[in-house]
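> Sequence:
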Amino acid sequence: MDLILRTHYSGDINPEMAGSEILLAGWAHEIRDLGGICFLVLRDRKGLAQVTLVKKIVDTEMFKKVRSISRESVVQVRGEIKSESKAPHGFEILPKEINVLDMAKVPLPLDPTEKVECELDTRLDSRFMDIRRPSVLSIFEIVSSVLHAIRDFFYSQNITEVFTPKIVAAATEGGTDLFPISYFEKEAFLNQSPQLYKQMLMAAGMDRVFEIGPIFRAEEHDTRKHLNEAISIDIEVSFADENDVMAMLENAIASAYKHVKENCQRQLEILNLDLVVPNIPFKKITYTEAIELAKNDKSVPIQWGDDLDTETEKFLGGIIGEHYFLTEWPSSIKPYYTLQYEDRPKICRGFDLMHPRMELASGAQRVHDLQMLTQRIKDKGLEPESFEFYLDAFKYGMPPHSGWGLGLSRLVMTMLDLENIRDAVIFPRDRRRLVP
RNA sequence: GUCCGGAUGGUGUAGUGGCCUAUCAUGAAAGCCUGUCGAGCUUUCGACCCGGGUCCGAAUCCCGGUCCGGGCGCCA
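Using this note's numbering, the final residue of the first sequence is 436, and nothing's skipped along the way.
DSS-like, lysine-lysine: derived pairs with alpha carbons at most 27 angstroms apart:
| hint | residue 1 | residue 2 |
| --- | --- | --- |
| 1 | K346 | K295 |
| 2 | K96 | K86 |
| 3 | K258 | K314 |
| 4 | K96 | K56 |
| 5 | K380 | K346 |
| 6 | K115 | K65 |
| 7 | K395 | K166 |
| 8 | K346 | K314 |
Source of the hints: derived by calculation from the structure; they are not laboratory data.
All chains should be modelled from the sequences, with the hints used to inform the complete structure.
This is the structure in structure tokens:
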């Protein structure tokens, strides 16, 4: 679609286009006034373009106007491309017309040219300005590319995209860590996972579904890898076991890396990253093996049946050094809907996908037998009555099924080696931040 | 939640009892400059989180608060 205010982006221009007249629109990234010559660097989402004004040649009014433009003002430039070895990227724009569409106030809340460092908190307070910084914009363009790749992968596997409700009734999964909201005359909650709804769609015969959407967790955690609102990439597949969906998961991850490497070269360059596509299949390590490994190292002993603490996660990540699956977890620390091994009920067919830095996804072969599921709910100290809408779906023919949920921002964070998950979310929601 | 650390111009920082009329960079304002590309040069502007206390004297020490960062916990 052609837009009236722009014919090209900065990044689309090359010296071979010399002589053609174009229309650029963007922000005044920098204005360098050397006296007899003045450079206006225009920035748009694809890069920078130098607009060169020679005092003797251009209109006096235009020269004066450019010198008075404040940084980050929105400008539109009509001009001719000139091949010029002295200019960045070998070209410059000789302007015929410059319009200031909106003048930016001074001072700026942070420096979009990235010359001066800025703390994350300051950046998040002025996120709109922060995203003008090319490296920050690159991250979010890569997030989009990851989603594109994963959606493509799902569609190639004939998986149907669905949406499930984010506003749910009380006590669906215990209730302690859900955000309560007011819903007309009723109390409601923000859903912490599409889990139960995905499973109900297996009973509906949708066969394989995926959902990419927000999840909400009311835990008061305060770390660099947790948020209270996150985007979860979830799938559920009928007539599949945990190994089938683990294969889908590693393929989804690998295709995301590949797609980013092939389609986001400019962004990766800005971020100074040499992306390495992980090899699949990923290693599989059982929980029991992991505990044995950790026992050799740990100062504080870890016991079979404990959930893995941060120290153990880091230790395992350090010795394994790449993505891996943790399988065969104790049934006691996995949710009620995780299927136990028939011959060894102490362990179950749940798995976690780990990156050396942190957990990225978890999934399982699900319980599809109503009686067993009801018992498991009771065993976990929960009330089957609260799950009636869910359990009903298991009464009239539920196929065996498996699935997983993957944290989008954690995937991006580990892919791009970001220090804080907030760097991978445009407007993050954490224990303290509700604005912007 | 808990432990540790921190809060200084718009932004990022130096300064741990008097040498602070507070450092440096960036920025902003004015001026010089025809090839900058983190341009350069000259002049100027702009800050000690809030409240209480100790002291002749507090950005600096103490107490309380607020906010921020890091570790851990929590994360069916």
